[in-house]
Amino acid sequence: MISQLFTEAVLIGILTSGIRLATPYLFASIGEMFGQRSGVLNLGVEGMMLMGAFAAFYATYTTGNPWLGLLAAIIVGGMMGLAMAIISVTFQAEQGISGIGVYLFGLGMSDLLFQKTIGTVETVSGFRPVDIPILSDLPIIGPIFFQQSIMVYLAYALVPIAWFVLYRTTFGLKIRAVGENPAAADSLGVSVNRTRYLTVIIGGILAGVAGASLSISLLNVFQQNLTSGLGFIAVALVYFGGWRPFGILFGALLFSMVNALQLWIQALSIPIPFDASELLIMLPYVLTIIVLIFSAGRVRKPSALSTVYERGG
Amino acid sequence: MIDFLATHPRLGRLFDLLLPLLAVLAALGVGAVMLQLLGANPFQAYSAMLKGAFGSQNALADTIVRATPLLLVSLGICIAFRGGVINIGGEGQIIAGAIPATLIGLMFPEAPALILVPAALIAGFLGGAFWGSIPGVLKAYYNVNEILSTIMLNIIAVQGMNFLLRGPMIDPVQLEAASRIPQTARLAQAFDLPRLVPTRLHAGALLAVVLAFVVYILLWRTTTGYRIRAVGLNPDASRYGGINVKRNIVLALLLSGAFAGLAGAVQVYGVNHRMFTDGSAAGFTGNAGFNGIVTALFGKLHPLGAIPASFIFGGLIVGANSLQRAMQVPAALVTALNGLVVIFVVSSDIFSRRLARRRQIVAEPKTSPPAAPADVGPHLQRAGPPSPGQEASS
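Chains as they are written, first to last, in the numbering used here: chain A, 477 to 789; chain B, -8 to 385.
Mixed in with the good hints there might be a few duds.
With the C-beta cut set under 8 Å, the calculated list includes, among others, these residues of chain B facing chain A [as the list claims (entries may be wrong)]:
(1) L41
(2) F154
(3) L295
(4) P299
(5) I303
(6) M318
(7) P321
Computed footprint of chain B on chain A; a stretch qualifies when at least three of its residues, placed anywhere within it, have a C-beta under 8 Å from a C-beta of chain B [to be verified]:
(8) 522 to 528
(9) 564 to 577
(10) 585 to 598
(11) 669 to 679
(12) 723 to 729
Just so you know, the hints here were simulated from the structure itself, not pulled from any lab data.
Every residue gets a Cβ at the ideal spot worked out from N, C-alpha and C, and that includes glycine.
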């Protein structure tokens, strides 16, 4: 029955999963936001996430230490970011297409490495839920917010940090300047290419960590195409959130809550009129398109997004 | 070196043509290093791939069968990219075409094949056109980035397919057996596309090649094609010239989706004879929606260039499968290689652009008016303000 959904335990369960499921979106989208704010559209997030997810899983699987897994994801993600920066900044490749190349590379490469090194379904003991003292004992709020894994806390901590970096530091000012008017920034002595390299590498690192949050925290497994489109949603969430950290937080929560609801409906095998869980999964994507329609006129994207900068060009 | 090429037009043009080939060689070179690291001899591996893809009549037939959806999708990609829009929605459009095409076959199992099969292919074309027109309208009239909307529509199409194949369209046999494998019933055998030789090669391949010529004529020999390309090259100039820019953006994405949709219908009637899903898009499409982009880029966004390009990439996929069988190298290698090809092709375009610019500089003092820049494809030119990925200029 539908009323099954409205018991306290289930509602807490849905909210807890919703908070948790936002983790990969937050890492990946915030990283993507830095790149886009500086003018680089990185469509390869999905591939970077897959590589990060595999690196984290493999390192955790062989050493048993999830922190080493996280480190591996950071290194691999950073390398993927560096590659994307070389492609899109130095070689000035069309960003919408080169991102697809990076995606295909990550999709194939992570699968190839997985099949060659592990090959079968294995689980690892990744990051376990950590109870925050005192706060985790609070009724309702405790289990929802304060009994999550360290990756979840990190993801939420990233939002205000990203806000601070973007709006209150010189580096953030450079990012925004380079993304709005690269020629003006350049004339004031800001290195456009260096700034873009840094943001794209940061984006790669965070995409790698987003992948790790799946493979060594939320799911503790790796398989072919583990992310299944999550990285593309992360790109859309940046638009959805109007290129602002807290806007992205709102979008990520919205997505993950709907996802959590659908997962719980399946888990409880609630007989909804007809088996249409797919239609429920569709909902956030339809919603994203609708939001894009309404925000297109009002929210201004970074002026130099997905354009290359050449001196005197 | 660029200077030298700019003053030698023949060599320069040759360089333009060879560039994608060099990019592929570079990708294969990286692939060789990867194979070495995986403990496989790269030469043995590549020769196993070559043999698996082109070594026998059956291998060639399989390669062409694999190339067919790639060619159809990349014809659509040519139209979209020439029109200045990036269509990443191939996966969804393939599905959106396959669904109505399959439905028609399931609804009229007794109909004469001569009428039903063309009707089904047209339904696939229209289904893809519909799915492609959505991002077109969203971009032209609501300023929604087509890259994002096509990605969203891919996922929506996959979920729609999963819903239909698990529910309303499921094979009644599966329903009875309670195994509930998400697939439709097999279409009537009379509807199978005719086989050309005693292999798996079906008539859809021929259709795709014919359509490549049709698209070439459409793009370069008709007013419609001229308008699409003009909008792709410079929407502002097109508007001053009296071209309805918004309508042509919609048209480019609509046609692009239509060819992907047709690829879906051809895949159903020529190869699978039913629809099935493993829950993901690639399970049904075999990644053709993305690989079609690789193919189109490799063919220099020219419909006729897409014919050999799709043949090569079809061979790459078939070859990878035999590589997996012969040397236990996972076929995922080819996905990674395709990614590298895209990366190298779009990264090497900078040399084409530099050459085109230098050529202009070299040509200017001698001749007036200045020579037109080389045809490097609209989305790759940095001169004009329109770059796909940016919203339609408002």
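Here is what the structure says about each hint:
1. L41: violated, 20 Å
2. F154: This interface hint holds because 4 Å falls under the 8 Å limit.
3. L295: Not OK, violated: L295/B not within 8 Å of chain A, min 21 Å.
4. P299: Result: violated, 20 Å to nearest chain A Cβ.
5. I303: Because about 16 Å separates I303/B from the closest Cβ in chain A, which is outside the 8 Å limit, the hint is violated.
6. M318: violated, 12 Å
7. P321: Cβ of P321/B sits 4 Å from chain A, so the hint holds.
8. 522 to 528: Violated - the segment 522 to 528 of chain A has 1 residues with a Cβ nearer than 8 Å to chain B, which falls short of three.
9. 564 to 577: holds (count 10)
10. 585 to 598: That given contact holds, which follows from 5 residues of the segment 585 to 598 of chain A lying within Cβ reach (below 8 Å) of chain B.
11. 669 to 679: n = 0 at 8 Å, threshold three: violated.
12. 723 to 729: Since 0 is below three, the answer is violated.
Hints 1, 3, 4, 5, 6, 8, 11, 12 from the list above are not met by this structure, while the remaining hints are.
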